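So the protein sequences, as listed, match chains A and B. Taking the numbering used here, the leading residue of the first sequence gets 6, the next gets one more, and so forth. Taking the numbering used here, the leading residue of the second sequence gets 6, the next gets one more, and so forth.
Hints in this document: simulated from the structure, not taken from any laboratory. Warning: the hint list may mix true and false statements.
[Unchecked claim] Cβ-Cβ distance ranges computed for the label pairs, FRET-style:
(1) Thr113(B) / Pro72(A): 34 to 42 Å
(2) Met200(B) / Gly111(A): 55 to 63 Å
(3) Glu91(A) / Ala80(B): 37 to 45 Å
(4) His215(A) / Val50(B): 34 to 42 Å
(5) Ala101(A) / Leu72(B): 39 to 47 Å
(6) Arg190(B) / Gly190(A): 56 to 64 Å
(7) Asp135(A) / Arg186(B): 58 to 66 Å
(8) Gly101(B) / Arg200(A): 49 to 57 Å
(9) Thr91(B) / Ser139(A): 50 to 58 Å
(10) Gly111(A) / Ala28(B): 35 to 43 Å
(11) Ile117(B) / Ser142(A): 32 to 40 Å
(12) Pro72(A) / Gly101(B): 54 to 62 Å
(13) Thr91(B) / Gly111(A): 27 to 35 Å
(14) Ala188(A) / Glu179(B): 47 to 55 Å
Remember, it's a predicted structure, so these values are computed and weren't measured experimentally. Note that CB positions come from ideal geometry on N, CA and C, so glycine has one too.
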Amino acid sequence: MEAPTPNVGEYASTSDDDDGLFRVRALVRPGLASASFALARGVCLVLTGASGSGKTLLLRALADLDPNDGIVTLGGTSRAAIAAPEWRRRVVYVGAEAGWWAACVGDHFIDRAAATPLLAALLLPEAAFDWPVSRLSTGERQRLALARSIALAPEVLLLDEPTSGLDPEAVHAAEALLRRELARGVAIVMVTHDRAQAERLADVRLFMDHGVLAAAEEAAAEGAAADASSAADRRA
Amino acid sequence: MTYIPLGYGDLALAALLIGVNAALSIVYRLALGRRLVIAAVRMVVQLLLVGLVLEALFSATSPLLTLCIVLVMVAFAGHEITARQTRPFAGWWTRGIGAGSMMIAGITVTVIALTTQIRPEPWYDPRYAIPLLGMVLGNAMSGVSVGLDRLLSAATRERATIEARLCLGQSFPEAISELRRAAVRSGLIPTINSMSAAGVVFLPGMMTGQILAGVEPAQAVKYQILIMFLIAGGTGLGVVSATVVAARRLTDDRHRLRVDRLISGRESG
């Protein structure tokens, strides 16, 4: 944390005059040095770094789940001007381990009709709404958590290892769904340990090291991460 | 009215029973011997002191002195509630919530009973006020301890589910509502159980005491019914007010779950 604050800047803006959908400036919280970046609509930022480096802390701060300071704006409106529940509906955080409060899967969805195509996209039958949560496998939990979040039609998705428990087929389906969301204009900040996945999805890559956010290229230069150079030709 | 006075020799004889318990503890290796003896000694000393204080208090009938005793009782109840928490709030919050809810629970209910039903002269006559308050506080304290402990440990244990709800855009009151209801329920159930079992499964303490002191059973029963209502009302007020304030303290203006305001893992007494 004694490292100087890098201004990572406007990596993800598709053009210079684009104001950016999601802007983060000088975001600080315990365990995290000042973080800044901006994302335009439809951009996927992939965040990598060792376990415990502060990736989850950053996502939680962006969703305003933990106390933090800094300027965060969505479509030009400051977070402070948006009530917290509304903010979290528009900037949805999907944690690594989803919580389930009701006994039945369907009770976690506000609008089942809107969520049905999402289940299908994630290779889940519509009958999954009636499944008891206690019987879900890790992969099913993960996909259902993704579905109930995307069903809110958020503008920004904050994903913490969204496919870590999925088989290759389900990973493929989940990535296809995320690409569709990106195409709709959703911005994504995703944490993943899967290097191939990062290459497939990332428009921008950032690297977290001991709470300091840096461009993945810099990290690669320091030898901390390999093959960041191929980030450009991802998403064929 | 007739009652049989006890001498200290009678008490010493009864204290042998504690010796039996201590022996059991040694035989079964319960490691309770020390705690048992300390608790028994505490009980004896505390009660003897209270006897002295009450004698002085009753002969004085001073409103100021009575108020002082009331405040001390409320403060002790607040302290006891804090001591029974697995994960209390940092700082003075748990103590404050405990004492505050005891104040609301005990004092409102006792004052209402003194001014409308029992009506001693003067209404604050400590001979009535202090025992009534003591009974209401004792029960409300248990209810608040259980309710608060339920809420605060659930907030820690169910952090993932509460935050999942917050992440899907629910407000904090929505996200905590079920846990808060469960906490209030668990705080009230012992009182409800003791009402339904009173007279059938056990004879309530105050009624038994009055009967031993020579009061007609019919009269003692009426007093007991009044006390049961006071206890139920006081416990309800106490548990609800404590959980409302605690739930507030568990969040902030950004509807976050603030478990960081709780002291982490502590052995429950």
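* Hint by hint, work out which the structure violates, then give me just those numbers in ascending order. => 2, 4, 5, 6, 7, 9, 10, 11, 12 and 14
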